[in-house]
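**Student:** Sequence:
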Amino acid sequence: MFNYLLEKFKSSVMPWWQSLNSGKKISFILLAVFSVVLGIVIFAQVTKASYSVLYRNLDSQEAGQIIDQLRGSKVPYRISEGGTEILVPSSKINDVRLNLAAQGYPKSGIIGYEIFDQTNLGMTDFLQKVNYRRALEGELTKTISSLKEVESARVHLVIPEQRLFKEDEKQPTASVVLYLNRSKPLSQRQIEGIAYLVSSSVEGLPAENVTILDASGRLLSAPRQTDQLAQLSSSQLDVKKNIEAYLQEKAQSMLDGVMGPNRSIVRVSADLNFDQVEKTSESYNPDSTVVRSEETTEENQSASDTNDPNKKKDSSGTKKTTIRNYEVTKKLEHLVSQVGNIKQLRVSVSVDGTYNMVKGADGKMVRQYTPRQQEELDKLLALVRGAVGFSDQRGDIIEVANLPFETMQDDWEEQQQVKRDIAIRYWLNILYKILGLAVAVFVLLKLRKSYNRWNERRIAHRRFLDAQAEIKRKAAEIIPKVAQEPKLIDHIRKIADDNPKEIAKVIKTLMAE
Numbered sequence: 001m002f003n004y005l006l007e008k009f010k011s012s013v014m015p016w017w018q019s020l021n022s023g024k025k026i027s028f029i030l031l032a033v034f035s036v037v038l039g040i041v042i043f044a045q046v047t048k049a050s051y052s053v054l055y056r057n058l059d060s061q062e063a064g065q066i067i068d069q070l071r072g073s074k075v076p077y078r079i080s081e082g083g084t085e086i087l088v089p090s091s092k093i094n095d096v097r098l099n100l101a102a103q104g105y106p107k108s109g110i111i112g113y114e115i116f117d118q119t120n121l122g123m124t125d126f127l128q129k130v131n132y133r134r135a136l137e138g139e140l141t142k143t144i145s146s147l148k149e150v151e152s153a154r155v156h157l158v159i160p161e162q163r164l165f166k167e168d169e170k171q172p173t174a175s176v177v178l179y180l181n182r183s184k185p186l187s188q189r190q191i192e193g194i195a196y197l198v199s200s201s202v203e204g205l206p207a208e209n210v211t212i213l214d215a216s217g218r219l220l221s222a223p224r225q226t227d228q229l230a231q232l233s234s235s236q237l238d239v240k241k242n243i244e245a246y247l248q249e250k251a252q253s254m255l256d257g258v259m260g261p262n263r264s265i266v267r268v269s270a271d272l273n274f275d276q277v278e279k280t281s282e283s284y285n286p287d288s289t290v291v292r293s294e295e296t297t298e299e300n301q302s303a304s305d306t307n308d309p310n311k312k313k314d315s316s317g318t319k320k321t322t323i324r325n326y327e328v329t330k331k332l333e334h335l336v337s338q339v340g341n342i343k344q345l346r347v348s349v350s351v352d353g354t355y356n357m358v359k360g361a362d363g364k365m366v367r368q369y370t371p372r373q374q375e376e377l378d379k380l381l382a383l384v385r386g387a388v389g390f391s392d393q394r395g396d397i398i399e400v401a402n403l404p405f406e407t408m409q410d411d412w413e414e415q416q417q418v419k420r421d422i423a424i425r426y427w428l429n430i431l432y433k434i435l436g437l438a439v440a441v442f443v444l445l446k447l448r449k450s451y452n453r454w455n456e457r458r459i460a461h462r463r464f465l466d467a468q469a470e471i472k473r474k475a476a477e478i479i480p481k482v483a484q485e486p487k488l489i490d491h492i493r494k495i496a497d498d499n500p501k502e503i504a505k506v507i508k509t510l511m512a513e
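So for the sequence shown, this note's numbering puts the first residue at 1; every next one is plus one.
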């Protein structure tokens, strides 16, 4: 079967190959070699296995045992970091870890609170404290290693013994070493989060006592200011910088859109009020009163007046007393001013002028600076005022100056030459791309044309073979009849005399077979 296919391939391809000239053969060979090399490179990149860390910080004995297990399982591996780190293909890392864990590897793994699963009645108080510290370190290591940006970690705690007097006590300290994922760096917020995580997990450990390093020994945790005033000053400076940068960006982007890039410079200085003022005010409105309480008292009176003969001896009466207490409307306000208010803004704006090409004294074209009109400067000033939120009540100050920004050589010929060089490089780059595309299209068209010719010849050859087979079949039917029909022989002779070339081709074909 293989020989048949090989012969079939030769009979169909060799005629086409022989019909090509030397240039086309060389082009086809180069294209075939390039395609093969490109295919090999793509296949190698696609099938290239990425390796991940299986275990690190292993001693030599345990690393050798794990490597023996990997060899027995026929798992490819790599060794780095002087033999203390083992890497395996990323697609197999989970299966390999499970298989090694079933066999008890690594024996020097991270131990957490499971250290207390086995009780020892003879354990001393010192060993109990050491085991507690080891368990706490192990649990923190597991938690930190679970972060996506951290491949593994080591945590060391120093927990002093409690003292009888508070002034004799020492604060705990902690050191954390992180083995980071190179493709996912840690942000400063995440580093601070790790520090607060360790601080919250250890009793009495302040966050400023946590030191964080990476595997190269670089300090990651920023030193913290213990002075409250220093912390406040640092935060105030950050607020000031953020406000100035925000306002400057607003004004600069607006001027760049109006005048073009690199045609203006904006600088903003902001004075902020960081005083926190609490004000409590109490006011009364005497015109608005309400009855708070009312008390009414009634008294019955009886008396006998013997000195007045006109009155009866016995008389009686009623006395009514009303007491009303009014509440005056009172308004109580407690105001806390916002920290970081803008007291004053000072904005400086420098804008470039315009340039015109004029003839110099020597007849050459030179650049001449033309300052902007005051009306245009006033419009730019109004735009900047609106962008930064200018306020007359705060006493804000804005200055706009028109200054030349040009620092290059004013020679017009040199500038034109630079422009021509840039234009030439630009168009040459485009021309190279067009030529490359044209060559690729030309090669493809030539290959397509060669293929079409080969296909036409293959079809013609197939038709010729079919015609030969048909001639053979008809000849096999006619020859026996010809031998019996003398008239037919004469007819064939006549055909041969009329068409000698066609008869010669048929005879050559029969003789070749």
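Hints were generated in silico from the structure; no laboratory data involved.
Be aware that a few hints might be false.
Pairwise CB distance ranges, derived in the manner of DEER restraints [stated by the list, open to error]: (1) Lys148 <-> Pro206: 55 to 61 Å; (2) Phe274 <-> Lys166: 33 to 39 Å; (3) Ser216 <-> Arg425: 40 to 46 Å; (4) Ala245 <-> Asp421: 35 to 41 Å.
Please read all numbers here as calculations on a predicted model, not as lab measurements.
Backbone N, C-alpha and C define an ideal beta-carbon position, used for all residues, glycine too.
**Student:** Now, for every hint given, state plainly whether the structure supports it.
**Tutor:** Outcome of the hint check:
no., hint, result
1, Lys148 <-> Pro206: 55 to 61 Å, "violated (27 Å)"
2, Phe274 <-> Lys166: 33 to 39 Å, "holds (35 Å)"
3, Ser216 <-> Arg425: 40 to 46 Å, "holds (42 Å)"
4, Ala245 <-> Asp421: 35 to 41 Å, "holds (37 Å)"
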